[in-house]
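Student: Take the sequences, apply the hints, and build the full model.
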Amino acid sequence: MSPKIPLSPKIPRSRPSVVVTGATSATGQAITMELARTGFAVIAACRTREKAEALRERAARTGPPVRTVVVDVADATSTVRAFTEIATMTGGGPWAVVNNADFAQPGAVEDVDDELARRQLETNLLAPARIARLVLPSMRARRRGRIVNVSCLAGRVTMPMLGWYCASKQGLEAVTDALRMECAPFGVRVSMVEPWSYGSRLWAGSSQLLPQSRVSAYRKQYEAAGEPVRRGARNREPAPGEVARAVRRALTERRPRSRYPVGGGARSTAALDALAPTAASDWAKMIATGLREAPPRLARVIGLPLP
311 MSPKIPLSPK IPRSRPSVVV TGATSATGQA ITMELARTGF AVIAACRTRE KAEALRERAA
371 RTGPPVRTVV VDVADATSTV RAFTEIATMT GGGPWAVVNN ADFAQPGAVE DVDDELARRQ
431 LETNLLAPAR IARLVLPSMR ARRRGRIVNV SCLAGRVTMP MLGWYCASKQ GLEAVTDALR
491 MECAPFGVRV SMVEPWSYGS RLWAGSSQLL PQSRVSAYRK QYEAAGEPVR RGARNREPAP
551 GEVARAVRRA LTERRPRSRY PVGGGARSTA ALDALAPTAA SDWAKMIATG LREAPPRLAR
611 VIGLPLP
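When the sequence shown is numbered by this note's numbering, its final residue is 617 and no position is left out of the sequence of numbers.
Because the hints were derived from the structure by calculation, they are not lab data. Think of the CB as a built atom: it goes at the ideal place given N, C-alpha and C, for glycine as much as any other residue. Incorrect hints may have been included.
Said to hold, decoys possible - If you anchor each label on the Cβ, the simulated ranges turn out as follows:
#, residue 1, residue 2, range
1, R452, T394, 15 to 23 Å
2, T394, G551, 30 to 38 Å
3, M596, T398, 47 to 55 Å
4, R428, G401, 34 to 42 Å
5, S591, L426, 46 to 54 Å
6, P375, E492, 33 to 41 Å
7, R602, T394, 46 to 54 Å
Tutor: Now the structure itself:
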């Protein structure tokens, strides 16, 4: 059973504690503020002290107070240290964790080297699993708690030029499914929030990570840096507030769902990709990412530049 969430702006000691990783991104800040306004005692996990201080100041201006910890979730030592501190702050461990920290490593599979691929998997896949190992003993002892992993459309649909990002998110989906079943007998509920996010915000934050090789066979696509994707998805991406509200639902509903798709394109695109013939799906994705040129008539209809 979910704890009763107080709506008072004061912070009672019994207020359920929630850790939000990646709390200084646009989505992370929206989640942090939404949960604080709802009545949770939010602990925002930030990568630097400067970002933590700025987030606390913003929270103070809007009303609900927020506590912070500094952590690099891709670093095991940093994560253990931070969650040891959180255990002290919460009297043994948080009631819930929202794993929101991530980044997108763009690039063709052959251009992304081992170091970049490991960093992608470490942040997006191994970090949430590591955090689960750290918080589950106390949740299991209390026989209640929640874990919410923030994925995206990449957890369901693979796009070219984002192979490693999709691998990390599809791995996260599998781990979350397993975790949900493993934790259920102990009263711990595990959910996935899946925003539509193949568009402008993803590419704006990751275009600087594109491989810089001058001899790459995909140089033209890198120079475009996802502009066709940005153009096609710009108007269908969910706002950070929509994602935050889905996270709130996953934490407050008595029987949380296993998945919370967010955004008009999330359900339809995942369903279409699953049902469409692979050849047709591949063709559409290659046009969307500039690997193939669209026929002139189609390009005019969907607003792509003509060659």
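Student: Now tell me if each hint is right for this structure.
Tutor: Going through the hints against the structure:
no.	hint	in the structure
1	R452 x T394: 15 to 23 Å	holds, 18 Å
2	T394 x G551: 30 to 38 Å	holds, 32 Å
3	M596 x T398: 47 to 55 Å	holds, 52 Å
4	R428 x G401: 34 to 42 Å	holds, 35 Å
5	S591 x L426: 46 to 54 Å	violated, 26 Å
6	P375 x E492: 33 to 41 Å	holds, 34 Å
7	R602 x T394: 46 to 54 Å	holds, 51 Å
Violation of the numbered hints given earlier is confined to hint 5; every other hint is satisfied by the structure.
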